[in-house]
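Peer 1: Residue strings, one per chain:
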Amino acid sequence: MYAGEQIKTFIPQREPILMVDKLFQVSDSDVETGLTIADNNIFVDGNMFCEPGIIEHIAQSSAVFAGYNDWINKRPISLGYIGEIKKFNLEFLPKIGDNLVSYLSVVSQALNITLMNATTKVDDKIVATCKIKIFMDKK
Amino acid sequence: MLIKDFYTIECSSVDADNNFNYSIKLNPEHNIYQGHFPDKHITPGVCNIQIIKECAEVALSKSLTLKTIDRCRLTAMVTPNDTPNFNVKIAFDKNNPLKMDASIFKDEVVFMTLSGVLVEK
Chain A
1 MYAGEQIKTF
11 IPQREPILMV
21 DKLFQVSDSD
31 VETGLTIADN
41 NIFVDGNMFC
51 EPGIIEHIAQ
61 SSAVFAGYND
71 WINKRPISLG
81 YIGEIKKFNL
91 EFLPKIGDNL
101 VSYLSVVSQA
111 LNITLMNATT
121 KVDDKIVATC
131 KIKIFMDKK
Chain B
1 MLIKDFYTIE
11 CSSVDADNNF
21 NYSIKLNPEH
31 NIYQGHFPDK
41 HITPGVCNIQ
51 IIKECAEVAL
61 SKSLTLKTID
71 RCRLTAMVTP
81 NDTPNFNVKI
91 AFDKNNPLKM
101 DASIFKDEVV
111 FMTLSGVLVE
121 K
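In order, the protein sequence lines correspond to chains A and B. Residue numbers for the first sequence follow our numbering, so the first one is 1 and each next one is one higher. Residue numbers for the second sequence follow our numbering, so the first one is 1 and each next one is one higher.
Check each hint, because a few of them may be wrong.
Using C-beta positions, here's what the derived DEER-type ranges look like [to be verified]:
(1) A:K74 <-> B:K99: 41 to 49 Å
(2) A:T9 <-> B:N95: 47 to 55 Å
(3) A:L111 <-> B:C11: 26 to 34 Å
(4) B:F105 <-> A:S108: 35 to 43 Å
(5) A:D123 <-> B:D82: 39 to 47 Å
(6) A:R75 <-> B:L98: 24 to 32 Å
In silico DSBU-like links for lysine-lysine, alpha-carbon gap of 30 Å or less [unchecked claim]:
(7) A:K86 <-> B:K4
(8) B:K94 <-> B:K106
(9) B:K89 <-> B:K99
(10) A:K8 <-> A:K86
(11) A:K131 <-> B:K89
(12) A:K87 <-> A:K22
(13) B:K106 <-> A:K138
(14) B:K106 <-> A:K95
(15) A:K87 <-> A:K121
(16) A:K125 <-> A:K74
(17) A:K121 <-> B:K25
(18) B:K89 <-> A:K86
(19) B:K25 <-> B:K4
(20) B:K40 <-> B:K89
(21) A:K121 <-> B:K67
(22) A:K8 <-> A:K22
(23) A:K138 <-> A:K74
(24) A:K133 <-> B:K99
(25) B:K121 <-> A:K87
(26) B:K25 <-> A:K86
(27) B:K106 <-> A:K121
(28) A:K95 <-> A:K138
(29) A:K95 <-> B:K67
(30) A:K125 <-> B:K121
(31) B:K25 <-> A:K22
Computed footprint of chain A on chain B, listed as stretches where at least three residues anywhere in the stretch have a Cβ under 8 Å from a Cβ of chain A [stated by the list, open to error]:
(32) 26-39
(33) 42-50
Bear in mind the hints are in silico, worked out from the structure with no lab data behind them. Just so you know, even glycine gets a beta-carbon here, dropped at the ideal spot from N, CA and C.
My request is simple: use the sequences and hints to build the entire structure.
Peer 2: This is how it looks when you write it as structure tokens:
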């Protein structure tokens, strides 16, 4: 497992919009990441972690997947951009202190575009699901 | 506004087809760009989604949550220095006032399209 500052090895995003703080496991076809919602997170409103924060967490999880695979293959870490989000469904908004755990698996990969299925949970309860397409700007 | 001082709505209008239009001006000095990305400032796609949602809240005078996104396509990059001004257009479904088709564009360039359903908070 990688946590905290180590995550910066795999993605170019930095504070205040760093939305992954744990990498539990990763392979060439899936990834499991986490984020603990801090009270000063920029996507917190009142006590709740809002939709753009959840989507950014999912997008950065897919970037961690790509970045980790760049890293183990000794390639420079790419900038990743969201290309498309489909079938996003929000069940509930997490709150400050909640531990998000996201599981993403590759649906298809072609050149620099990766399509992944994503599920984000808190305490085994589904927060949100979606399909996300990430475009990697290869250096 | 979820992210303080991120943008301002400069003007708004409703056209003859009942589309809501907003002129947005980004704040290129916002500290979010220190992290996205340190060497290349690009407006996070999720912040554009949030701007659309907040425009929908203004349009409907309601506090809303984005419950589902059928499809959101990011077709061009928004950068706070090169494209700080853009337009948001929202069309609400005639049969479901919380279902919307929205886009972010400037002149001929479309940056984002989004179809989604909102729920009241």
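Peer 1: None of the hints should be skipped; say for each whether it holds.
Peer 2: Taking the hints in turn, this is what the structure says about them:
no. : hint                          : in the structure
1   : A:K74 <-> B:K99: 41 to 49 Å   : holds (48 Å)
2   : A:T9 <-> B:N95: 47 to 55 Å    : holds (49 Å)
3   : A:L111 <-> B:C11: 26 to 34 Å  : violated (41 Å)
4   : B:F105 <-> A:S108: 35 to 43 Å : violated (29 Å)
5   : A:D123 <-> B:D82: 39 to 47 Å  : holds (43 Å)
6   : A:R75 <-> B:L98: 24 to 32 Å   : violated (44 Å)
7   : A:K86 <-> B:K4                : holds (28 Å)
8   : B:K94 <-> B:K106              : holds (26 Å)
9   : B:K89 <-> B:K99               : holds (14 Å)
10  : A:K8 <-> A:K86                : holds (27 Å)
11  : A:K131 <-> B:K89              : holds (24 Å)
12  : A:K87 <-> A:K22               : holds (25 Å)
13  : B:K106 <-> A:K138             : holds (27 Å)
14  : B:K106 <-> A:K95              : violated (36 Å)
15  : A:K87 <-> A:K121              : holds (16 Å)
16  : A:K125 <-> A:K74              : violated (37 Å)
17  : A:K121 <-> B:K25              : violated (35 Å)
18  : B:K89 <-> A:K86               : holds (20 Å)
19  : B:K25 <-> B:K4                : holds (14 Å)
20  : B:K40 <-> B:K89               : holds (27 Å)
21  : A:K121 <-> B:K67              : holds (16 Å)
22  : A:K8 <-> A:K22                : holds (10 Å)
23  : A:K138 <-> A:K74              : holds (13 Å)
24  : A:K133 <-> B:K99              : holds (23 Å)
25  : B:K121 <-> A:K87              : holds (21 Å)
26  : B:K25 <-> A:K86               : holds (27 Å)
27  : B:K106 <-> A:K121             : violated (37 Å)
28  : A:K95 <-> A:K138              : violated (35 Å)
29  : A:K95 <-> B:K67               : holds (16 Å)
30  : A:K125 <-> B:K121             : holds (20 Å)
31  : B:K25 <-> A:K22               : violated (35 Å)
32  : 26-39                         : holds (count 7)
33  : 42-50                         : holds (count 7)
Hints 3, 4, 6, 14, 16, 17, 27, 28, 31, counting from the list given before, are not met by this structure.
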